[in-house]
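Colleague: Here is what each chain is made of, one letter per residue.
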Amino acid sequence: VALNADYASAIDDGPLERWPDFFTESCLYKLTTAENHARGFEAGLMYADSRAMLADRISALREANIYERQRYRHLIGLPLLKGERDGAREVETPFLVVRIMRDGRMDLFATGRYLDLVEAQADGKLLLRERLAICDGARFDTLVALPI
Amino acid sequence: MAESPPAPLAAPLANAPQHLPRPWPDDMPLSRVPYWVYQDAANYRAEQARVFEGPNWNFLCLEADIPNRGDYRTTHVGQMPVIVVRAADGQINAFENRCSHRGSLIAFDDGGNAKFFKCIYHAWSYDLAGNLQGIAFERGVDGAGGMREPVDKAAIGPRKLRVARLNGLVFGTCSGATPPIEDYLGPDVLGRVRRVLKAPIRVMGRFTQMLPNNWKLYVENVKDTYHASLLHLFFGTFRITRLTQGGGVFVSPDGGSHASYTTDNARDDSSTAYRDQGIRTESQYRLRDPSLLDAVNEFGDDIRVQILGIFPGFILQQISNCLAMRQVLPKAIDQTELNWTYFGFTDDTPEMNRRRLKQQNLVGPAGFVSMEDGCVGGFVQRGIAAAEEKVSVVAMGGSTAESQVTRATETSVRGFWKAYRRCMS
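Chains as they are written, first to last, in the numbering used here: chain A, 1 to 148; chain B, 1 to 425.
In case anyone wonders, no lab produced these hints; they're calculated from the structure.
If we take Cβ atoms under 8 Å as the criterion, some of the chain B residues that face chain A in the derived model are:
#1 Val203
#2 Phe207
#3 Thr208
#4 Leu287
#5 Lys358
#6 Gly364
#7 Ala366
#8 Cys375
#9 Gly378
Where is the CB? At the ideal position from N, CA and C, for every residue including glycine.
Work out the full structure, taking the sequences as your base and the hints as a guide.
Modeller: Have a look at this one:
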């Protein structure tokens, strides 16, 4: 719960540069849809297998990409503990994201669930070894700039 | 006075009123495009009949989507709902997804497997070729009710499309005048389709992007080789495609379809053209994990990027090892649905699969490159809100629409308008 609250705060209130810090050095972050996930289609809208790739996502948003100013408000639900795999906890958590555009428009942007592998570090800190952000719907309005 | 007997149901509406598009000024060159063409409601309605249902090939689905007898998918030709289905003999049929009775969708799911189709509303049934077969209670109950008028089932059945298959792609056309797809594309563009679709394909994912702009603004963006390395920093900075690299544009004989390509060009490394003009896409930006840019030459030639458009709304894209198809569907004057299919080949190694997964970060709604194409059409749609009578200037590389050996040109954009104006006039 604390991990997710902090995760949402990093994306919604910034700085976005904190986002990669929630992941282990070697990790998997994928943003996809429920249909792709169910059909075994591996591709993601965003796909990163290292913390450095996550950092590149953020630096690209800062320096490379063109998009209208926007921010998110995440509402992250209660985590469901599902089991253990390779020394990490399997956790499933629902999310809802409202997107707030530059002109003040607020829209429900995405709902879905995180399928996580959460790994406890030596100092007790919890990090994401894997986070699959699986959106319930398949249509994305205009573009997806910020991570979910 | 006796009433005249009812006309048989089969009688088609003769000379149905056509929505007339707004005429283009006769003297307007191909290098000028009036902004009302993205805004005018009558023009938008006319496009459905003249472009999408006109003498053109529309992408329907992949053969791989419907491998077995009875497999079907639902899609659209412009705004017309269409069922594509694999028949018993292995042939692929396509017909309008509209019941002959009250106009309901015959199939309302994305796809599945069917022995026949039955409209859910009043149980009228159709075979896999779209022939109207059965009318529930056609003879009524105990001699009462039922159809009293003669019904010519063949004449009122759903409209059927001609189907063409091309290297695993399935296209459909509503017109008898559409030439065979090989002639429609011409040898240059056809060769470029076959170059990419070299082996059986494997779908890796599907995403839909809703664009806040007229469909033509997106298609023009795809055909616009001039913008790619000016808008997209990833292209310019990482030298994936730059105007100073080798390359060119093939345009099909009718203008509507194109294939642009970028070749490796060592001389580009010393070019200062972007820096000298202060263009933002040549920057010091670097990736911390450059494995994203780790491309291999899988096609045995020196082409790094190939973007291919088939009129009116299909795109086949190769950016390094990132392969995708895009289907452009109009939903309203200023709403466009863009359906992405990311793919690889069935014989990809695990390394190639991983490479594609990483490079797919470049495209799609969240693509390091493509996200910008998602918003720029909306910027134009908003920018021209009060400029209905003004025109855009599409004059890079002249005012004609032939193949050119440079990408600092808008020749394939003019090709689109050449084909479009012929359909609409």
